[in-house]
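Can you build the whole structure from these sequences, using the hints too?
For the record, the sequence lines run as chains X and P.
Note that the working numbering gives residue 101 to position 101 of the first sequence, counting from 1, and the numbers run on in steps of one.
Note that the working numbering gives residue 75 to position 75 of the second sequence, counting from 1, and the numbers run on in steps of one.
Derived from the structure by calculation, the hints contain no laboratory data.
These numbers come from a predicted model, not from an experiment.
It is possible that part of the hints are untrue.
[As the list claims (entries may be wrong)] Per the computed footprint, the stretches of chain X lying under chain P, defined by three or more beta-carbons under 8 Å from a beta-carbon of chain P, are:
| no. | region |
| --- | --- |
| 1 | 277 to 286 |
| 2 | 294 to 303 |
[What the hints assert, rightly or not] Facing chain P, a subset of chain X residues (Cβ under 7 Å, in silico):
| no. | residue |
| --- | --- |
| 3 | 150 |
| 4 | 151 |
| 5 | 195 |
Every residue gets a Cβ at the ideal spot worked out from N, C-alpha and C, and that includes glycine.
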Amino acid sequence: MDTPQIQSPLIPRYCTIVPPYLLTRLAQLADPKFARAAAAARDSLLRDSRIRRLRDGAHPLAHPGARSLPTRTPGESDRTISDAGGLERLPGRQVRTEGQPAGTDPAVTESYDSLGATQAMYWNQFGRDSIDNGGMPMDATVHYGQKYDNAFWDGERMVFGDGDGQVFNRFTISPSVIGHELTHGVTQFTANLKYQGQSGALNESISDVFGALVEQNLRGQSTSAASWLIGEGLFTEQVEGIALRSMKAPGTAYNDDVLGKDPQPDSMAGYVETDDDNGGVHLNSGIPNRAFYLVAEAIGGNAWKTPGRIWYETLTGTALRPQSDFAAFAAATADTAARLYGNGSTAHDAVLRAWATVGVVAAVPSPSPSTIGTPSAPGISLPPAYSTPLVDPLTPPPSGPQRGPIAGQPGG
Amino acid sequence: MKVIVSRSGGMAGIRLTWEVRVEEQPDPAIWADFLDSLPWDDVTDSVATVDRFAYRIRCAPHEVVLAEPEVNGPWRDLVNRVKAANGM
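The following block contains the structure:
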């Protein structure tokens with residue numbers, strides 16, 4: 001997202017309807033001539049934070065004993081790391097809280113740092129204040145279980161195993177894994193995609209997308225420089241593999257005697273029908289993962305900007321339902337791209353082409369040579385087959401329960 | 001008699017399978033008694049949990065699918081025994 005164009009230093013009181021990501025930018029303006037604007041934006045963020053908490057009745061803070069810092073400024077991290085000591089009991093012994101210096105345990109340091117990186121990415125790029133957008137504390141437990149080969153979000157906290165040392169290293173080693181897990185929390189508080197079949201694969205893919213963005217944002221990597229790997233470094237040296245998944249080339253992350261070959265499909269032609277893994281949620285997520293990569297590749301630059309914004313606004317908007325499938329998600333992202341960047345814009349075109357490439361929607365006509373690799377100029381006409389949003393913007397979404405704290409708010 | 005434990009899901013989404021032929025174990029009678037004692041018919045549908053493992057356990061004519069939080073007591077014992085028999 002580009003820096004918003006400030007037309008006037010006078011910001012009226014209607015800034016409560018300004019998307020949080022813009023308020024965030026405004027609140028950070030240091031130029032004295034925008035002092036009033038920055039102050040108004042900060043006030044609005046504080047007020048919105050309280051409103052969001054009230055609006056979140058359907059998603060109360062997950063822990064009954066959840067704390068919130070009385071003087072906490074929106075966007076600030078509030079992290080607590082606990083140590084399960086090899087047991088499978090949560091939360092474990094508290095070992096580091098917000099602001100305390102790093103100790104000698106790498107799992108504690110890595111989890112603390114990556115929780116912070118995740119909070120920073122969501123706040124700075126999307127104006128989202130923690131998992132629930134209401135400043136929910138970020139809690140994690142490390143050293144869960146014995147040789148435990150997993151990391152998961154349990155609805156309240158992130159939990160990390162140490163790995164078995166043969167196949168897996170400790171699960172805190174990868175920022176993309178930590179971003180992935182926290183994003184399950186974000187999905188829980190927003191679209192709440194059902195963890196089964198295609199909606200479950202979307203749930204997984206969204207976690208991979210924002211997990212990758214957390215890592216890229218942390219490292220300042222562009223789309224072309226990034227690895228697009230999820231869980232890089234997680235395998236020990238004994239494994240023939242570079243990561244758990246590749247968003248750029250699903251199905252190529254590993255090929256090992258013990259683990260077999262990475263089974264992720266990269267298009268609907270390879271869609272896996274299975275009863276295992278809740279209907280293959282970790283397998284078929286390769287399809288929307290690649291769609292996101294293709295959008296990022298087409299647009300270029302930093303993927304957390306335009307591509308990330310399209311996905312974030314879709315996740316937190318009103319178009320998705322808990323059982324949305326790939327086609328519904330494709331339509332929703334195309335609609336979001338058209339709404340944010342214009343019908344027929346480069347972003348809109350990239351989204352349509354990506355979903356067509358992975359076989360979720362019908363193929364779109366090839367662009368004329370003059371439009372390849374060039375930004376779409378305002379008013380440019382695309383062929384009818386892909387110049388119309390897949391979702392009619394005049395058709396209201398089906399009625400349903402209030403889902404997320406920012407449903408319907410662009411930029412929230 | 002064969003016991004197959006297949007673990008799928010987890011954050012990694014990698015499926016691993018461990019298998020035991022009871023008659024090839026040093027204590028087949030104990031294995032058989034243990035397998036008979038398992039509450040095969042008491043298993044209800046599992047609730048999907050984000051990034052947790054799911055275990056499919058087969059021992060003809062039985063087959064159950066357990067979410068990770070449900071792998072407790074005798075089921076935990078079975079999974080550990082089968083993995084141990086496979087050197088895990």
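Coverage of the region 294 to 303 of chain X by chain P (three or more Cβ within 8 Å)
violated (count 0)
Minimum Cβ distance from residue 150 of chain X to chain P below 7 Å?
holds, 4 Å
Given a cut of 7 Å on the nearest C-beta pair, is the interface hint for residue 151 of chain X held or broken against chain P?
holds, 5 Å
Stated coverage of the region 277 to 286 of chain X by chain P [criterion: 3+ residues, CB within 8 Å]
holds (count 6)
When the nearest CB of chain P is found for residue 195 of chain X, is that gap smaller than 7 Å?
holds, 4 Å
Hint 2 alone, counting from the list given before, is not met by this structure.
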